[in-house]
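What follows is the residue order along each chain.
2 protein chains.
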Amino acid sequence: MTDVNTILAEADKALDQSLDRLFDLVRIPSISTDTAYKEDCRRAAERIVADLSGLGFSAALRDTPGHPMVVAHFEPKGATGKVPHFLFYGHYDVQPPDPLDKWMTPPFQPEKRTGKDGIVRLYGRGTADDKGQLMTFIEAMRAWITTTGTLPLKATILIEGEEESGSPSLIPFLKQNRGELSCDAAFVCDTNMWDEKTPAITTRLRGMVKDEITITGPRVDLHSGAYGGPAANPIRILSRLLSKLHDKNGKVTIPGFYEGVSDLPKEVKVQWQKLKFSDRKFLREVGLSVPAGEKGKGALEQVWARPTAEVNGIWGGYMGAGTKTVIPSQAHAKLTFRLVGKQKPEKILKAFRAFAKAEVPKDCRIDFAAYGSGSPASEIAGTSPLIRKSAKALKDEFGRDTALIGSGGSIPIVRYFKDILGMDSVLIGFGLNDDALHSPNEKYNLSSFHRGIRSWVRILAALAR
Amino acid sequence: MTDVNTILAEADKALDQSLDRLFDLVRIPSISTDTAYKEDCRRAAERIVADLSGLGFSAALRDTPGHPMVVAHFEPKGATGKVPHFLFYGHYDVQPPDPLDKWMTPPFQPEKRTGKDGIVRLYGRGTADDKGQLMTFIEAMRAWITTTGTLPLKATILIEGEEESGSPSLIPFLKQNRGELSCDAAFVCDTNMWDEKTPAITTRLRGMVKDEITITGPRVDLHSGAYGGPAANPIRILSRLLSKLHDKNGKVTIPGFYEGVSDLPKEVKVQWQKLKFSDRKFLREVGLSVPAGEKGKGALEQVWARPTAEVNGIWGGYMGAGTKTVIPSQAHAKLTFRLVGKQKPEKILKAFRAFAKAEVPKDCRIDFAAYGSGSPASEIAGTSPLIRKSAKALKDEFGRDTALIGSGGSIPIVRYFKDILGMDSVLIGFGLNDDALHSPNEKYNLSSFHRGIRSWVRILAALAR
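In the order they appear, the protein sequences are chains A and H.
Under numbering that gives the first Met the number 0, the very last position in the first sequence is 464; numbers go up by exactly one each time.
Under numbering that gives the first Met the number 0, the very last position in the second sequence is 464; numbers go up by exactly one each time.
Bear in mind the hints are in silico, worked out from the structure with no lab data behind them.
There could be a bad hint or two in this list.
Since the list gives no way to pick one copy over another, a pair counts as held whenever it fits inside one copy or between any two copies.
[Said to hold, decoys possible] Straight-line distance between alpha carbons at most 20 angstroms, and here's what the computed EDC-like set of lysine to aspartate or glutamate pairs gives: (1) Lys-250 <-> Glu-358; (2) Lys-111 <-> Asp-400; (3) Lys-265 <-> Glu-396; (4) Lys-243 <-> Glu-358; (5) Lys-294 <-> Glu-358; (6) Lys-323 <-> Glu-163; (7) Lys-280 <-> Asp-362; (8) Lys-349 <-> Glu-258; (9) Lys-280 <-> Asp-220; (10) Lys-247 <-> Asp-362; (11) Lys-356 <-> Asp-97; (12) Lys-12 <-> Asp-116; (13) Lys-361 <-> Asp-246; (14) Lys-247 <-> Glu-358; (15) Lys-388 <-> Glu-266; (16) Lys-323 <-> Glu-211; (17) Lys-349 <-> Glu-195; (18) Lys-346 <-> Glu-211; (19) Lys-394 <-> Asp-97; (20) Lys-273 <-> Asp-2; (21) Lys-268 <-> Asp-183.
Starting from the given sequences, assemble the full structure and let the hints guide the process.
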């Protein structure tokens with residue numbers, strides 16, 4: 000096998016051309032949410048197809064009711080025995096660039112600029128989300144193919160064009176092409192490093208289930224003078240219900256809520272402590288200072304490894320200017336439960352509803368309106384070979400332990416890959432917190448791009464072994 | 000002194016003409032909220048001025064920045080010694096008649112119709128609110144003057160034209176004419192009987208003070224995935240705060256809230272029990288069945304004699320269709336406190352705010368926005384001579400004990416008369432619960448009108464003694 004250093008040298012040597020190819024892609028305004036850019040989306044997809052075909056992939060643009068998908072396969076040459084097969088995912092569509100007047104350079108005229116801090120940054124819409132990221136694995140594969148004539152494993156590339164507009168075509172597409180797209184695992188390149196020096200793999204994602212409640216008291220809105228006292232006020236019932244969701248230690252009180260939630264393993268705890276995350280700074284950035292979650296748990300653990308019951312919206316009665324002395328007929332709230340471990344969305348929803356019903360007087364009503372059936376948390380053990388190999392490859396590149404981190408939110412693609420294609424996802428990306436995704440002056444550090452490419456060169460080598 | 004029965008006979012004899020005069024007044028669409036009817040409001044006022052002048056009042060139309068007032072004075076002839084002086088209040092303006100298509104006969108073409116139940120009703124906008132009511136005391140005075148050539152006391156009549164549009168000119172007008180309008184007491188004819196057989200005097204009105212709170216947590220709306228757990232959620236803080244306002248017995252928990260609230264005197268309790276008020280029916284009419292207020296107190300006592308803390312509106316976070324996984328920056332609620340006895344609005348507001356502040360974590364903020372300074376409760380003792388005489392007169396007319404009732408809401412005029420003119424108000428009216436005030440097919444029973452006139456004939460006699 001060719002020494003990985005030879006391939007890395009090729010990647011280094013080709014960096015300027017890699018950058019040219021990225022900039023060519025960024026110049027295409029492939030905004031998926033705006034139909035005015037439909038042809039641009041197609042052009043971006045076609046460009047990737049042509050590029051991958053040139054590298055020896057069997058690549059094709061695949062039409063959907065929305066924007067086309069790019070699917071490309073590479074069969075390694077001279078492979079013997081069972082060769083691992085992985086899917087690599089990214090998306091070529093980008094967010095709209097508004098407000099345009101806040102950009103220092105036009106969003107679709109990418110530019111490399113060196114800051115006063117000496118850091119070289121690549122500016123332009125999509126440099127970080129996700130064109131720059133998806134090009135890291137494509138350019139790494141190019142370096143492999145240029146140097147060795149092949150890849151060390153079987154690769155399928157799936158580049159979507161609707162990620163920024165809710166991926167409406169994705170589920171049907173995955174279902175229709177289940178056989179073709181099912182691999183040993185997926186590598187999703189759309190996440191961040193821990194910081195600019197520390198590589199990261201996101202191994203935990205919280206699940207989620209949502210509910211909406213409506214409490215109905217009196218048949219109609221009542222005058223609070225004529226009825227205040229004897230008449231049930233649904234806002235008061237709702238407030239009481241919501242206030243009972245947590246005990247004074249911040250724990251959720253719904254019976255059975257913590258079933259399937261395990262304490263954080265000691266080694267994970269130790270690893271996270273090493274990240275030296277500042278709860279103080281995290282809260283200060285949003286104008287807060289007092290940790291509000293479960294007592295005795297740090298912010299990282301709360302966000303990455305603990306379930307929540309949050310109220311996302313509440314409304315009822317008179318909400319206009321001035322006053323109206325009304326006892327409203329109805330009060331409403333929207334809730335989300337973030338899930339971890341083995342918590343089952345359907346069980347959580349059922350338990351919450353039983354809990355809520357018990358809080359409503361017998362002459363009042365409670366109605367529920369769920370949105371979707373929810374999704375459980377997903378987690379890959381840090382000890383799994385995929386994670387170990389990838390983490391080692393990243394450490395070799397960055398000279399630092401790879402952080403195995405969590406994400407408090409959901410990443411839908413991970414759920415779809417698991418549910419439809421039956422495969423786990425490994426989330427590796429090289430973005431940074433200050434990349435200004437979805438904002439003016441989006442950027443991707445040149446070092447993210449360069450070391451991203453080098454990292455994938457190493458990961459491909461590691462996975463082949 | 001002329002026998003009161005002579006005067007009552009005159010009132011009976013003149014009933015048809017009284018009705019004609021009422022109908023002439025109802026025909027004028029004096030809608031105060033709609034500028035298109037500005038001239039009609041003036042016409043209604045002028046009509047009353049002319050009518051009272053014809054009776055011997057010194058009556059005048061008095062301009063204001065809004066609709067004019069009618070002020071009229073009557074000096075009794077041949078009076079010796081100190082003559083009592085009372086003010087009689089009503090309003091000539093009416094509510095808009097919409098929705099017009101729901102009226103069985105046009106709102107400003109009054110009609111007398113006998114129902115299948117044999118009850119004769121006077122239909123038309125303003126028949127009950129308040130033209131029919133104010134005409135009861137004017138027609139009673141007419142009967143007195145026709146029969147005896149005078150009234151048995153000094154009378155000032157104040158008829159307002161902006162009651163249905165918030166009385167913007169009233170406070171300045173009362174202040175500018177304090178000397179002229181200050182009397183021994185006011186009689187306000189704009190309330191209901193207990194039921195069609197039972198006359199009533201409203202002797203208790205709850206006071207009120209309002210507040211609005213805004214709780215600010217994070218500086219901006221946060222993603223509930225990225226921050227759910229450690230970040231304070233203002234909706235949760237608000238819910239907890241509101242849920243703590245009442246204990247499990249329905250009592251308000253704000254320290255000092257019940258200062259100045261006395262238990263109901265036994266004789267009042269006994270009197271109210273005799274009214275045979277059905278809590279069950281009262282609640283059933285609005286779709287409820289479980290009394291929600293203070294445990295151990297009936298609905299009447301709760302509405303007439305107990306203070307409340309009610310939430311009139313609540314809002315925060317995402318309230319649209321579907322879901323948004325947000326932890327909002329702010330949550331809001333509007334509250335009203337109904338007051339009784341000697342509760343002081345400013346003290347209640349202060350105590351509530353201290354209570355609320357204590358519920359807010361130190362990194363969050365609470366802001367308050369009061370609307371006005373509130374008003375204390377008003378109450379006239381059932382033992383006061385004014386009430387005793389009026390109640391006796393009503394009993395003589397109806398052959399039933401007069402109910403001394405309360406009202407859960409405020410009647411602003413009572414507060415203004417007390418604060419600006421230093422006089423108590425006696426609230427006597429002949430409306431019924433089914434009069435459809437502010438609704439299509441507003442009506443006033445002929446018996447309300449007729450016995451209303453007769454009642455005032457008796458009350459004037461009683462007050463003169």
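Legend entry - Non-conforming hints, listed in increasing numerical order: 2, 3, 11, 12, 17, 19, 20, 21
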